[in-house]
Amino acid sequence: MIKIDAEGSESEVIRGAEATLRDRRLGAVLMELNGSGRRMGVQDEDLHDRMLSYGLEPYRYAPRLREIRRRGLERADGPTSRNVLYIRDPDAVRGRVEAGAAFRVLDDRI
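Using my numbering, read the sequence shown as starting at 1 and increasing by one per residue.
Honestly, I wouldn't trust all of these hints.
Claimed, not checked - Computed beta-carbon distance windows for the label pairs: (1) D46 to A99: 15 to 25 angstroms; (2) G8 to E57: 21 to 31 angstroms; (3) K3 to I110: 11 to 21 angstroms.
The hints are simulated quantities; they were obtained by calculation from the structure and are not laboratory data.
Heads up, the beta-carbon is just placed ideally off N, CA and C, and yes, glycines get one too.
Full structure from sequences and hints, please.
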């Protein structure tokens with residue numbers, strides 16, 4: 001898993017990491033899409049489309065429920081609204097989440 005949060009330079013990070021993003025061993029990417037790339041001439045939707053081209057699909061993780069859910073692509077709930085978790089093999093990720101030990105964070109069991 002890798003995290004991409006480059007304050008508007010995500011397109012350049014993706015361009016430099018192309019081989020890694022195509023590698024089947026990479027299971028997930030967490031990328032912040034908040035419109036900051038517009039100042040560099042890059043739209044969040046373009047970054048989203050590039051992630052899709054690498055075989056990574058958008059999901060959400062619900063930690064209290066310990067599950068991942070397919071993320072809709074509607075504008076109100078689409079890639080520009082927050083961090084987006086892109087997953088290559090959702091079944092493999094679900095298996096890891098289910099097999100992982102639960103732990104406490106403050107008063108929550110996750």
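Item to complete: Would you pick out the hints that fail for this structure and give their numbers low to high?
Response: 1
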